[in-house]
Amino acid sequence: MTELFLSFVNRSITAGWMILPVLCLRWCLRNFRSKDLICILWGLVGLRLALPFSLPTPFSLIPSAQTIPTDIMYAASPAIDTGLSTLNQTVNPMLSASFSPDPSASANPLQIWLALAVLIWVIGIALFALYALISLLRLRHRLTEAVPVGENVWVCDHIASPFLLGLMHPRIYLPSSLDPQTAASVIAHEHAHLARHDPIWKAVGFVLLALYWFHPLVWVAYILFCRDMELACDARATRDFSPAERKTYAEALLACSLPHAVRSFCPLAFGEIGVKSRIRALLQGKKPSHFLVVVTIFIIAILAVCFLTDPVPSDPSESSTSALALTDDVISDAILTHYNAHSTEDLLCTESHIPLLTTYRQNDDGSLKVTAYLMVLYLELVRDGDWFREQSGSHIPTALTFHVQSDGSCTLTEYWEPGDGSLYAPDIRAKFPADIAERALDTQRYIDEQMKACYDQAIAYWGLEEP
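Per our numbering, the sequence shown starts with residue 1, numbered consecutively.
Don't take each hint at face value.
[Stated by the list, open to error] SDA-like mimics (lysine to any residue), calculated; alpha carbons at most 20 Å apart, straight line:
| hint | residue 1 | residue 2 |
| --- | --- | --- |
| 1 | K452 | E414 |
| 2 | K286 | T309 |
| 3 | K247 | V153 |
| 4 | K287 | I302 |
| 5 | K247 | R280 |
[What the hints assert, rightly or not] What follows is a set of in silico ranges between Cβ atoms, one per label pair, in the way DEER data are often shown:
| hint | residue 1 | residue 2 | range |
| --- | --- | --- | --- |
| 6 | I123 | S98 | 20 to 28 Å |
| 7 | Y339 | I200 | 57 to 65 Å |
| 8 | S98 | H197 | 41 to 49 Å |
| 9 | G385 | T443 | 29 to 37 Å |
| 10 | V312 | D386 | 55 to 63 Å |
| 11 | L423 | I120 | 43 to 51 Å |
| 12 | V91 | W387 | 40 to 48 Å |
| 13 | P433 | Q284 | 50 to 58 Å |
| 14 | R429 | N31 | 14 to 22 Å |
| 15 | T443 | D386 | 28 to 36 Å |
No wet-lab data here; the hints were simulated from the structure. Where is the CB? At the ideal position from N, CA and C, for every residue including glycine.
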């Protein structure tokens with residue numbers, strides 16, 4: 001669950017980089033009567049939030065595709081990668097000082113804080129779902145006595161303002177006190193919503209807000225998306241209206257305005273959002289020239305390419321520094337040091353490690369963070385007559401993280417092993433990349449090969465001949 005939460009946090013950060021230029025473009029187009037193009041941009045923001053993946057391109061302006069590493073809770077020195085060197089150099093020392101694990105402590109402080117953050121995140125999502133359910137049930141109860149008065153139009157005595165309700169088969173609901181002229185304006189507006197499939201888009205926006213409720217820019221995006229959606233429908237509904245008819249429509253907006261309305265999952269209320277700005281757009285908004293429309297579409301295409309894609313990651317694995325630094329001897333020394341191994345004339349400490357995966361991450365200073373995911377067998381063998389016997393050992397999936405400097409020097413920063421008992425399998429699945437986690441759990445796959453390697457070391461060490 002922690003990895004899932006961190007993936008949502010990382011997507012919210014990348015989406016935040018996209019929301020900022022969308023806000024700038026929205027301000028530039030503030031005098032356009034129609035907001036259809038801006039609604040397309042909000043749709044791209046929603047796509048960035050919804051997709052669990054993104055293609056890397058050299059045109060991406062996203063500073064970092066993964067700001068928070070999914071294995072940060074296991075790091076000996078926690079660090080983030082914002083893609084901005086100055087920010088990294090400011091934040092990472094504080095992170096390391098506050099959340100580096102204490103070997104004498106029973107729990108990693110970052111694991112505790114992340115578990116608490118996950119709990120709060122889940123509670124927030126549950127509250128959003130509860131709010132949507134309660135508001136829908138209350139509204140359905142009010143509409144039990146609604147009666148049809150036309151095609152897809154219903155009238156009810158127990159509602160104060162008109163709205164559109166439903167996803168698959170939405171209906172237009174009008175207060176029974178509404179006069180015919182105002183009702184005609186409302187119906188024109190709601191038909192524009194239907195033509196644009198806005199009930200579905202607003203529901204999708206609400207679900208994304210529920211999942212990313214912790215990000216302030218997502219709230220800003222949702223509120224402005226709802227406002228621009230209403231402006232786009234106003235423009236569509238009044239496209240062929242005369243100035244007098246636009247004035248009548250504006251009066252209908254004023255008559256149905258909801259001064260203290262709360263934006264909800266449902267319904268789409270006629271006077272719910274930004275009545276003042278909508279009236280101003282109706283009476284003073286300008287129709288853009290074809291040239292401006294083409295330029296805006298071109299800018300939207302550029303924004304899509306630059307912010308819907310991730311930066312192309314450099315491949316540190318091709319670096320000669322990493323290739324020279326992480327030799328088998330370096331890994332072997334780290335394993336034997338971890339077990340405090342000291343061989344004598346009658347005792348041989350051996351190890352055999354099988355690489356499962358090696359990952360590389362470029363640091364701001366040009367150094368590398370290299371993590372080797374291994375199956376490690378540590379075996380202590382004792383001389384026994386003409387042969388030897390096993391005294392003790394350990395066979396366990398292990399992750400070794402090294403800090404490799406540009407000059408080739410290599411420092412072990414973390415020696416990770418899973419917990420015992422019930423923690424064993426969950427720890428491995430949380431620490432190891434998904435494509436090797438199950439292989440790491442299948443220790444029997446490697447044991448024969450590794451035992452033979454340790455035995456061969458003993459035969460060579462004592463100069464024995466195989467029986």
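* Asked: Which hints from the list above does the structure break, by number from lowest to highest?
  -> Hints 1, 2, 3, 4, 11, 12, 14 contradicted; others consistent.
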